[in-house]
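Novice: Okay, here's what each chain looks like letter by letter:
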Amino acid sequence: MSMATAKAQITERENYLNKEYGIGSWLLTTDHKRIALLYLISITFFFFIGGFFALLIRLELLTPAGDLVQADTYNKLFTMHGMVMVFFFLIPSIPAVLGNFLVPLMIGAKDLAFPRINLLSWYLYIIGGIMMTHCMLTGGVDTGWTFYVPYSIGTNTKFVEAGLAIFVAGFSSILTGLNFVVTIHRMRAPGMTWSRLPLFIWAHYATSIIQLLGTPVIAITILLVAAERVLHLGIFDPKLGGDPVLFQHLFWFYSHPAVYIMILPSMGVVSEVIACYARKRPFGYAFIALSSIAIAVFGFLVWAHHLFVAGISIYAALVFSMLSYAVAVPSAVKVFNWTATLYKGSIHYDAPMLYMFGFIGLFTMGGLTGLFLAALGIDVHVTDTYFVIAHFHYIMVGGAVMGYLGGMHFWWPKISGKLYPEGWAKLAALVVFIGFNLTFFPQFVLGYLGMPRRYWDYSHMPEFQVLNVLSTAGATILGVGYLLPMMYFLWSMRYGKPAAENPWNAAGLEWKTASPPPTFNFDTEPVVTWEAYNYEELDAPQIQEVPVGR
Amino acid sequence: MAGNVDALFIFLLIVSGMMSLLIFVCIIIFATKYRYRRGVPAEQIEGSTALEVTWTAIPFGVFMVIFVWGAVVYFQERTPPRDSTEVYLVAKQWMWKMEHAEGQRELNELHVPVGRDVKMIMTSQDVIHSFFVPAFRIKQDVLPGRYTTAWFRATKPGTYHLFCAEYCGTRHSGMIGSIIVMEPGQYEAWVNGGPSGPLSVTGEKIFSELGCGTCHRADGTGRGPNLRDVFGKPVLLEDGRTVVADENYLRESIVDPGAKIVNGYKPIMPTFQGLVSEEQLNALIAYVKSLSGKSEAAPNKVTQNAPPRNDGQANGQQVQ
Amino acid sequence: MADSSIAVQNAHGEAQNPALLHHFAEPEQQRNAASLGMWVFLGTEVMFFGGLFVSYLVYRLWYFGDFGAASKTLNVKLGATNTAFLICSSLTVVLAVWAAQTARRTLLLVSLGLTLLLGLAFLGIKGIEYHDKFVEHHVPGASFSFEHEKIPGHPDHYANAQHAQIYFALYFIMTGLHALHMIVGIGIFLWLFTMAWKGRFTPEYNTPVEIGGLYWHFVDIIWIYLFPLLYLIDQHP
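Chains as they are written, first to last, in this note's numbering: chain H, 1 to 550; chain L, 551 to 870; chain Z, 871 to 1107.
Take these hints with a grain of salt, some might be off.
[To be verified] Straight-line alpha carbon distances no greater than 20 angstroms define the calculated PhoX-like cross-link-like pairs of lysine-lysine that follow:
1. H:K344 <-> L:K642
2. H:K344 <-> H:K426
3. H:K239 <-> L:K642
4. Z:K1020 <-> L:K810
5. Z:K1068 <-> Z:K996
6. H:K239 <-> L:K810
7. Z:K947 <-> L:K816
[Unchecked claim] Pulled a few chain L residues facing chain H out of the computed Cβ check, cut under 10 angstroms:
8. S570
9. F574
10. P694
11. W740
By construction, these hints were calculated from the structure, which means they are not laboratory data. The beta-carbon is built from N, C-alpha and C at its ideal position, and this holds for glycine as well.
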């Protein structure tokens, strides 16, 4: 697909897409923009694999009886859905695609600090992905993505291979985070002070910190489980004196902050896009930036709220419940600030902005239901039910994926040099929003009524069927909503109108270079003399009014 | 408990409903009122520290109210009343094995009388399971190698779902059962219908079969500690620590006797790990507990129990 | 890859440094980036070992006496010798960095060589210790055996073999990962030695020695924690 784009632009100026041709120029590239595209292709592949599993899960649950697939198959389906979506789509999604593409551009650098390590992290991701795919094709694994011991020690499915796939992909995530931290610290253009950094960069900085400090812990945990399986050491096996709850602590020490790896970059996208389409500097820039850091820090202190019924002390539960409310505050602050940004703005309703409205709506609902789960007395009832499923899908799909799609639309002209079809994009935003709510809202109700998660068969509880049918219906709509953007993005690469340097008249250094940018990003090294989000200057009448949109 | 959980749930629905209403109404008003108009530029506003402090402090205050309320409910859920009837539960892939202190054994079904506090003492034979009765709003993971407890008091006769809520393998979704809540009279009939003796009697039999009594002598002259009136009391260990002799301590003392030696005794007891099944362990513990004054509720106490209480149910779930 | 060759003709036409990569404005920026990168990487390494230290802490508290009994079977003399080797190697690494910065080629080569030797000696002794444990059936798994070992201070109290096995599992995983880091470190220092032999390091360009040294120090520090936790927990005068 890159070749098609390149041909269409053969007469245009040299850019990162048409500078070199051939498979080698892509597979051995150290250009952060090309690596971003490699990631885009690979995570899209895994997104649709994971989505396919989700669809099968929903189809199985259409009827109460376990009649579409076998119980073991169903268990593998939700395991693979979770593992693929979490480790091979959500965690790399925005950082590895948009972050990779935009971090150097936004701070005025020629590339990330370590371009070869950047390429290495893509290869690690691919090696992990190949292992995961191989594992799926040769029987799969049925532990659930949380692979709790001692079940994961005893199961006769291929946990070791899946675990090692996640282990390798984890190092890809660590190296991306390392690259971002060093790049943001050391590679900023002259004049790009910390207080002038786009909020997208602040969000990625916070994300990187979590990737760096959290991922190694899951890596060692996976190693220990794999060793336990093979050698029977006793570290996690209660039959040999080990503690299964210790595993849960180590697992969630990473996997809770991992939620913030998924949502923080999305929040960064929201800050950029809302500022552009409200034509305003974001309300409370410093507070939005600091709340990202606060989320990263507090995010590490709340892991045991996944363990309220796991057998931990009630006093530990108290502390973790309170800290969980503390981490909710910075998220709320962000939502308030985005809302206030709209006040006295000049708001345009382009497709990326529609995605942002969707994000705020879904993220608010996801966040507020988090308050339910953090309340100890309620968590006991709703944990491990569909209430939790609905809650984290509102955050990770409603929030993170909405932000990702909105960001893809917003920066697509920069990435591809082409404009996407606006009408279709608006339609897709609407379809995704409706489909999403129809899929997951009924699950809140199901959860409160008591339907446990990971149930293949609910024929003894036929009262749950109506809500499950609604959910499955929503999932098909959602599936269409996700296919649409992929199709019109591909279409636009060949047939889309060429994009100008700055089609949205947006602030930010990435819009001050060609679309698509040249290999080293800027023809002359940028020197920043203005504050971030200088929409007042961009819209000032003497510079002649440029209509936003097309 | 269901009433308390539902009350907090409704409070949270109202709070979060108001918060989202506030946000969504603001967004809708701003988005329509300040939509793009040619020649009307956006007004640049830097921000407002006062506002930021306000919308940090107020939500935090509200959150703390929820937190305290949630904690209170949680403490109720986690603290069984002292005179609860005890039911021992052993979970395994994929079934629930239950044994009343009175001795009745059940599989995937649990009969309880209305209005009685029931304490579940649970352990697993293989992987982690989770004891979940949605109607009672209780859930507790069941772990291998240790006891966890949960309690409930049913307030209306009927049959309620029991689910395994922690994924445990192929037939996880088949690991379901029923809690059958009966009127006290019916329950008594049910209890008397089956062949059984109290669990502690079974335990006493195992106790003597294994020869435990040769060391744990009732007169205190044995090589092991006297077990009378031990349960629920603090025990001084040889390393100076003090532990409360709860179910988990008794369990550990049987399967790993060297772990916590009672002050003044030698670590000579062999381990019984693998020699006694989970059910036998439960019986032994029930026996040791029966030696401590407050024996487990005898069957004839059933009718004397408190009448069913109805806690103003919120959503029609007629259980406490 | 191709980057370094492009660097020679960078757009600004400044004084060319063949080691300056194209995307950096000046050598100082490149040096700072590399150094920060290594520090950040070491931060992740701390968390990597952190998971193991937490597991160790939990089981040490649970199985206090059994861990003591298991620890007694380690060879403290060999462990102490290894500790001394690593502390000395940290000194030679510091000397190597200083030699590179001050253009003392002989000292640089000697220091790097000594570091390598000390690292290899460490691994050799570690190998002997592993061999001893293997012979004694203290390697966790099917052949593990830990019968009739007394708990220190409790002459009539035998250690629980399963709990001792957890100790040895942690011992082998922690020292094994540490040894793996040592092997990587030796690889890095072999490369540094080759580059130093070719005279690539100058007072202007010696970042690889510096960040390689950072890595080596980190691996040493991990051992400084492992040694008392694994060898010395039950040594009494």
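Novice: If a hint holds in the structure, say so; if it does not, say that too.
Specialist: Here's how the hints hold up against the structure:
1. Restraint check for K344 (chain H) and K642 (chain L): not satisfied, since their Cα atoms lie roughly 62 angstroms apart, outside the 20 angstroms limit.
2. For the suggested pair K344 (chain H) and K426 (chain H), the alpha carbons sit about 24 angstroms apart, so the restraint of at most 20 angstroms is broken.
3. Annotation: proposed proximity of K239 (chain H) to K642 (chain L) holds, straight-line Cα distance about 14 angstroms (limit 20 angstroms).
4. Of the supplied pair hints, the one linking K1020 (chain Z) and K810 (chain L) holds, its CA atoms being roughly 16 angstroms apart against a limit of 20 angstroms.
5. In summary, the hint linking K1068 (chain Z) to K996 (chain Z) is not supported, as the alpha carbons are separated by about 32 angstroms, beyond the 20 angstroms threshold.
6. For a cut-off of 20 angstroms, the pair hint linking K239 (chain H) to K810 (chain L) stands: about 19 angstroms separates their Cα positions.
7. Using a Cα cut-off of 20 angstroms, the hinted pair K947 (chain Z) and K816 (chain L) is violated, with the two alpha carbons roughly 33 angstroms apart.
8. Annotation: interface hint on S570 (chain L) holds; nearest CB of chain H at approximately 5 angstroms, less than 10 angstroms.
9. Below 10 angstroms, beta-carbon pairs count as interface contacts, and F574 (chain L) has one with chain H at about 7 angstroms; its hint therefore holds.
10. This hint holds: P694 (chain L) has a C-beta 4 angstroms from the nearest C-beta of chain H, less than the 10 angstroms allowed.
11. With its C-beta approaching chain H no nearer than about 22 angstroms, W740 (chain L) sits outside the 10 angstroms limit, and its interface hint is violated.
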